[in-house]
Amino acid sequence: MKPCLLERTTVLFAWAAGLLLTAAVAVLFGYLFMHGLEVLNLPLIFGKTPPWRALLLQERVFEGLFPALAGTFMLVLLAICWAIPVGLATGVYLSEYAGPRVRRVLDALFDVLAGVPSIVVGLFGFALAVFLHRHFSERIGPCLLISSLALSILVLPYIIRTTQASLEGLPREIRLTAIALGATKLQNIILVLLPKSLAGVMSGIILAIGRCAEDTAVIMLTGVVASAGLPKSLLSQYEALPFYIFYISSQYTSPEELQQGYGAAIILLLLCALLLLAAYGIRKGLTHLVFYRP
Amino acid sequence: MSNTKIRVENLYFSYRGRSVLRDVSVGFARNAITALTGPSGVGKSTFLTTLNRLWESTRDATMQGRVEIELQGRMRDVYDRGMPLTELRKKVAMVFQAPNPLPMSIAKNIAFPLKLAGERHRTVVAGRVEQALRMANLWHEVKDRLQDDARTLSGGQQQRLCIARALVLEPEVLLLDEPTSSLDPAATDAVEELLTGLKERLTILVVSHYLEQVVRISDRVVRFADGTIVAG
Chain Y
1 MKPCLLERTT VLFAWAAGLL LTAAVAVLFG YLFMHGLEVL NLPLIFGKTP PWRALLLQER
61 VFEGLFPALA GTFMLVLLAI CWAIPVGLAT GVYLSEYAGP RVRRVLDALF DVLAGVPSIV
121 VGLFGFALAV FLHRHFSERI GPCLLISSLA LSILVLPYII RTTQASLEGL PREIRLTAIA
181 LGATKLQNII LVLLPKSLAG VMSGIILAIG RCAEDTAVIM LTGVVASAGL PKSLLSQYEA
241 LPFYIFYISS QYTSPEELQQ GYGAAIILLL LCALLLLAAY GIRKGLTHLV FYRP
Chain X
295 MSNTKIRVEN LYFSYRGRSV LRDVSVGFAR NAITALTGPS GVGKSTFLTT LNRLWESTRD
355 ATMQGRVEIE LQGRMRDVYD RGMPLTELRK KVAMVFQAPN PLPMSIAKNI AFPLKLAGER
415 HRTVVAGRVE QALRMANLWH EVKDRLQDDA RTLSGGQQQR LCIARALVLE PEVLLLDEPT
475 SSLDPAATDA VEELLTGLKE RLTILVVSHY LEQVVRISDR VVRFADGTIV AG
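Chains Y and X supply the protein sequences, listed in that same order.
So the first sequence is residues 1 to 294, counted in this note's numbering.
So the second sequence is residues 295 to 526, counted in this note's numbering.
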């Protein structure tokens, strides 16, 4: 093949691939909104309960998605809270402190962890719940805490890898700027390297948020149920949107119920968008706080 | 009293098993500008990093030999176990080839090393920032916009900002690795004028590829070739 033709074919293929992906996303969103937009209203979320009474936790919501929405929100926040410190610290360790041999071993281990199917992580969470139930307290069983811990294990590789890659990708001049001015290694990491790689680190966290919000296999084995109301504590069972969508789409008895499933899917997308926007906001705020605070 | 500020003996350096510097022995006088010249890849920049131990941040590098620098009136073995690394780097400051201001305001850039050193007193910091900017001939150009992002400065101003940032800790030795290679002629002139003015207070080592520059600013020229000193 002539080089000119090869170049044109490659460009054409790249365009086609990009177009196909965009079209697939557009079709998916269009389909969802076409089926779910009609039921997207306050009763879908709050049922017959007045919204403000539900939000102030004065009245339980029985026929709406509010408990599942709140459960998903709490689940994602908790899982991210566990995963961020461990993921960041591990990424920093791999990039800045680990020797070549240790790094090779840990790299391989985290690659394996990234490839573990979520159902296996769910099974691990379930086994952990059983172990804790037997050996520590009978109050502990599949619950919000176990689900969030299992999910945090699932998303750890995203945060570790993006932190490591962002730190390793910094140019030599940036890496040495503070060191040459008398900074200790830790000062350099905290004051220069991590803030400079914040964009990359946050992209890992954003990916992790998305994964936490959508995963169903892990939570099915570790604490989610179809009807639990709002979780009363970390050791309570809970409801979650992905499970609701799975449940309703496999067990629906009327077209209206299925339509509610589409509505729930749109709400899940909106919740993810909200969390991602919050993550972007935090990234901007953190950069400003670290670098531009007078 | 000897006029030697820096003394290097039998210095060997290798990176990933490849010899970069071999048997380098040289001395540098205080309050003088010494230009380190030679073709690319002969170890000039690496040599600078052996003086403030900056090479230790590089994986797979090894060094042998002795480096002594007169600090606070006393000749000190740079590689002695008792030598605090952060103190050494405050006294033997380094400026890189490309200007590398941090993404923060002009004032915060200059105050950054003071923050690292634990200086929190705002009045002291402000005074030191002004002093460093005056020494770097930058004060009059930036005094009205100290809170602006440092990256909005021109290339030459950014490089002088980096020199000011190095000067704020009152170093005794200033190492510059091709400080004007990315600058236009006017900015180069400004940096050269600055360096000439600074040599009364500091011992300056500057890596340069430009023969005219070497002739203009240096008191002595040390020529590197194939990992060792061949002249000077």
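Everything labelled a hint here was simulated from the structure, so no lab data went into it.
Ideal Cβ placement from N, Cα and C applies to all residues, glycine included.
Check each hint, because a few of them may be wrong.
So these bits of chain Y aren't anywhere near chain X, every CB distance computed over 12 Å [what the hints assert, rightly or not]:
| # | residue |
| --- | --- |
| 1 | T10 |
| 2 | Y31 |
| 3 | P100 |
| 4 | P171 |
Facing chain Y, according to a computed beta carbon distance under 10 Å, are these residues of chain X, among others [said to hold, decoys possible]:
| # | residue |
| --- | --- |
| 5 | N325 |
| 6 | V389 |
| 7 | C456 |
| 8 | L469 |
| 9 | L492 |
| 10 | V509 |
List of simulated lysine to aspartate or glutamate pairs, DMTMM-like, C-alpha gap at most 25 Å [what the hints assert, rightly or not]:
| # | chain 1 | residue 1 | chain 2 | residue 2 |
| --- | --- | --- | --- | --- |
| 11 | Y | K185 | X | E350 |
| 12 | X | K409 | X | E487 |
| 13 | Y | K185 | X | D371 |
Hints versus structure:
no., hint, verdict
1, T10, "holds (34 Å)"
2, Y31, "holds (43 Å)"
3, P100, "violated (8 Å)"
4, P171, "violated (8 Å)"
5, N325, "violated (22 Å)"
6, V389, "holds (8 Å)"
7, C456, "holds (9 Å)"
8, L469, "holds (9 Å)"
9, L492, "violated (17 Å)"
10, V509, "violated (28 Å)"
11, Y:K185 x X:E350, "holds (11 Å)"
12, X:K409 x X:E487, "violated (29 Å)"
13, Y:K185 x X:D371, "holds (22 Å)"
In terms of the numbered hints stated before, the structure departs from hints 3, 4, 5, 9, 10, 12, listed from lowest to highest.
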